[in-house]
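Peer 1: Below, each chain spelled out in residue letters.
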Amino acid sequence: MHSWPSAKEWTKQPELTNQQMAFKLHKESRDWFKKIFGKSPFGTMFDLYQACLVLGLAAERCEPEESSMTEFMDEFIQRYRPYQTTIIGSMISVVLSRKGISSADREAVSKEISRLVSGDSARGDLTIEGFRELNGYALGGFNLLRESFDSPPQHPASFLAKYRQILEETRLGLQI
Amino acid sequence: MKIELLGWKSEGLRSPDIEVKLEKSDGSVARVSLLQMPNGTGKTTTLNCLRAAMDGSAETWPEDKVKSYREIHGKRDLGLFVATLRVNDTQKIIVEMTFHFNEGVVTYKTIVGSKTVDNYSPPPDVRRYLDPRFSKLLFFDGELANNLIDGKGTTSASQIIDTFYGLYHLFELKENARRSYELYEKRSGPAKGAAQLTKLISRRDSLREKSQKLRQQAESNETHLQEFRHEHTRIEVELEEHLLKSGQFKEEENRAHEERDQASSRLEVAFHDVDLIFPDPFAIWPPLAARVHDLVESLDRLKLTEQSSRLFLEELVEEPVCVCDRPMDSAARASILKRADQTLEDAVNGYLKSLKRQVQPYAKDGPSTFGEAVDRIVAADNDLTEAGKSLENIRTRAVAAGDDVSQKKKDALEKIRGEIEALEDSVENARRPTRTGDDERCGCIDYFEKRLKEAENDLARLSGTRDLKHRTDTLIQVIDSAYKQAHSLLKDDVVKRANVRLRQILRYNPVQISDIGNSVQLEGRGGASVGQTLAVGYVFLAGLLYEGGNQFPLVVDSPVGSLDDEARKELGGLIPILVKQMVGFVIATERKWFVDPLADASDGDLLYLTHLRINEYTKEIIADLGGNKRSGSENGILLEGRDAFMALGEGMDETT
Chain A
0 MHSWPSAKEW TKQPELTNQQ MAFKLHKESR DWFKKIFGKS PFGTMFDLYQ ACLVLGLAAE
60 RCEPEESSMT EFMDEFIQRY RPYQTTIIGS MISVVLSRKG ISSADREAVS KEISRLVSGD
120 SARGDLTIEG FRELNGYALG GFNLLRESFD SPPQHPASFL AKYRQILEET RLGLQI
Chain B
0 MKIELLGWKS EGLRSPDIEV KLEKSDGSVA RVSLLQMPNG TGKTTTLNCL RAAMDGSAET
60 WPEDKVKSYR EIHGKRDLGL FVATLRVNDT QKIIVEMTFH FNEGVVTYKT IVGSKTVDNY
120 SPPPDVRRYL DPRFSKLLFF DGELANNLID GKGTTSASQI IDTFYGLYHL FELKENARRS
180 YELYEKRSGP AKGAAQLTKL ISRRDSLREK SQKLRQQAES NETHLQEFRH EHTRIEVELE
240 EHLLKSGQFK EEENRAHEER DQASSRLEVA FHDVDLIFPD PFAIWPPLAA RVHDLVESLD
300 RLKLTEQSSR LFLEELVEEP VCVCDRPMDS AARASILKRA DQTLEDAVNG YLKSLKRQVQ
360 PYAKDGPSTF GEAVDRIVAA DNDLTEAGKS LENIRTRAVA AGDDVSQKKK DALEKIRGEI
420 EALEDSVENA RRPTRTGDDE RCGCIDYFEK RLKEAENDLA RLSGTRDLKH RTDTLIQVID
480 SAYKQAHSLL KDDVVKRANV RLRQILRYNP VQISDIGNSV QLEGRGGASV GQTLAVGYVF
540 LAGLLYEGGN QFPLVVDSPV GSLDDEARKE LGGLIPILVK QMVGFVIATE RKWFVDPLAD
600 ASDGDLLYLT HLRINEYTKE IIADLGGNKR SGSENGILLE GRDAFMALGE GMDETT
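These protein sequence lines map, in sequence, to chains A and B. Under numbering that gives the first Met the number 0, the letters of the first sequence match residues 0 to 175, in that order. Under numbering that gives the first Met the number 0, the letters of the second sequence match residues 0 to 655, in that order.
Okay, chain A solo, but in the shape it has when bound (with noise of 0.2 Å):
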């Protein structure tokens, strides 16, 4: 005899794949850049994700996923898809030389590109381990800023002055 579902069945939560593969930030982020959100340039989640990723490439910081991170999209936005490409280069080019591994040697570069990218381009391109390791350098990032700014930020003009700035310091050696 057909016995209807429990509650817990009608609302079962997706496969935990689904989490993995998913763009993650702090969850003390949002709060931290409130002031800032929602203005030009950082209209979407995204944008403060692109922010911190970028930071924490250019700072080649990466720090393991931990639970205070909540995913809040799981594929490119619209407005990011055509770099999408690019910015996943950038995270492989990053990966290879934080982890030593010489342009010389075939067998392990392919490893490790083959345990970042999946190809799927549907799907952002990357596997599990590729959505891991962007959201460790994107957590690198926002964890630099909370580090250089003596409170969060209130203006979208001051912050992305300081955050140039910083930036800058990467290239110096001086924000790793």
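These are computed hints drawn from the structure, not numbers from a lab. Being a predicted model, the structure only gives us computed values, none of them experimental. Don't be surprised by glycine CBs; every beta carbon is placed ideally from N, CA and C. Any given hint could be a false lead.
[To be verified] Just some of the chain B residues that point at chain A, by a computed CB distance under 8 Å: (1) D279; (2) I283; (3) L287; (4) R290.
[As the list claims (entries may be wrong)] Below, simulated DSBU-like cross-link-like pairs (lysine-lysine); rule was C-alpha separation at most 35 Å, straight line: (5) K173(B) with K26(A); (6) K209(B) with K34(A); (7) K452(B) with K33(A); (8) K98(A) with K363(B); (9) K449(B) with K34(A); (10) K34(A) with K212(B); (11) K490(B) with K38(A); (12) K98(A) with K355(B); (13) K483(B) with K34(A).
Given the coordinates of chain A, assemble chain B onto it according to the supplied hints.
Peer 2: Below, chain B without anything else, positioned relative to chain A:
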């Protein structure tokens, strides 16, 4: 649904005994009925009784309130108020309210056609529109429309949409689901855990109460914040106008304004540029482009992007003969499989080829377009700050050189700024997400909602009602989501229709609604006159009341109140275009600048009524007023006619 108010009758109440008929000889009702009631004629009594007759609310009036409706020095133990409505042109509904002054109660009688029921009982299809939440929209004071734009009224524009479309039923449904679950939970609690259960229930209730309190407080603070911001802008404009009157600082101020506007537009352009380039990681940080170039070059050197397909190699080992025509033996198979292992998946290969193509247009050491745009932002932002300081400086000097009025306005601005900052902090603290270190002394709504959720779950676990709790939560989520979607779609539709109407009505200087939240928000708010603002308020309300062929009477107390001449004229010309039946309660001072445009716009379909209490003074003037006696009693008279209406002296408001 079409509902018309045909009239009312009162006896033995604080207002004089009178019968007001709004029907014309052909049975129709006038588009506009103006009832002039000088102070002391019982305007408030009449309005309250009309409202109670329509929504049945007098059944719950307290004893004192009922007794307060007794005529002063009156000997009658009973009072009567009868309102007559007509539904869909045919069905008459008569609601009778009997005031039992000795007992302090009101009883109802409802007559529909030939059927009489001894309580408040309008037909079900009509009842929805007579519900107090809906019928309150049919009774308002003349300033409500304006309040809807300012967001200062007690009823928000957004709530009106919920009321009109009955979305509040969704809240009731949600509340019912929650209550039913709690009842079930209470009944199924285990006896041995009763003490713990009671403790948990008490904790849950206190968390809920705290959370609701904080939410209400935040909403109220947000309303005040909006008011203060409006007030700040208003005083700022007034101060500027006042200072410019002297002319001394005019040129200097104009220059500072110009500089501020230029800096503001430079800032906007620079932000737009950053906005465009922000998704591009190479534009933000060009060294990344150099690194990706290096990566692509090494991939080329390793021939990783030119390699054979992995799938091809994997399939090849299954063949008896290799592509080079040699037989596929175990050594060849092992060699090919090793090669396949070092080969990227086809999709990954495809990705790398795409990366190679996309990095090509970027120079290895390209300029930082982001850095340049940020420099422009910083420069423009500095200029803007400087221009702001200049303006402030000019104002300070102008105030110092000026009079008390300027100083008072400047002081008021500073005070309001302080209030705004305090409210902003408070709202921000209430609306922020939970932070580490928060405890029950904090004012963060999110914190209490999370604790509430935990308490509810604990309670469900203890009482063994987890599954039902889960179902209830799911139902509540569905209701919330349905509400959000329905409200958003309906709001968009209301805005769209109101904007079309506004473009028709205010053809030469249209204002448009941008959104509906706590208030009706206008595009370019600064440019709207008082008249335009009121037009928007009335268009919004009338748009709802006449939506989909519906028609309801609009009972307005003091339609023009304290409005200036221009706004009165505009409103007078507008109301008859928007409504099908308006009953306006006015006093003599409201006639000026309002009645003539109203009469013109209603093409003469206007009923002038003047209601006076009979006393020594009025007895003398009634004969001079003229007009047709429409109804009368020992203590009151109702006159019909424009001459009598216009002839009543404004001094009557003080003398009766």
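Peer 1: Where does the structure disagree with the numbered hints, that is, which hint numbers, in rising order?
Peer 2: As far as the earlier hints go, not one is violated by this structure.
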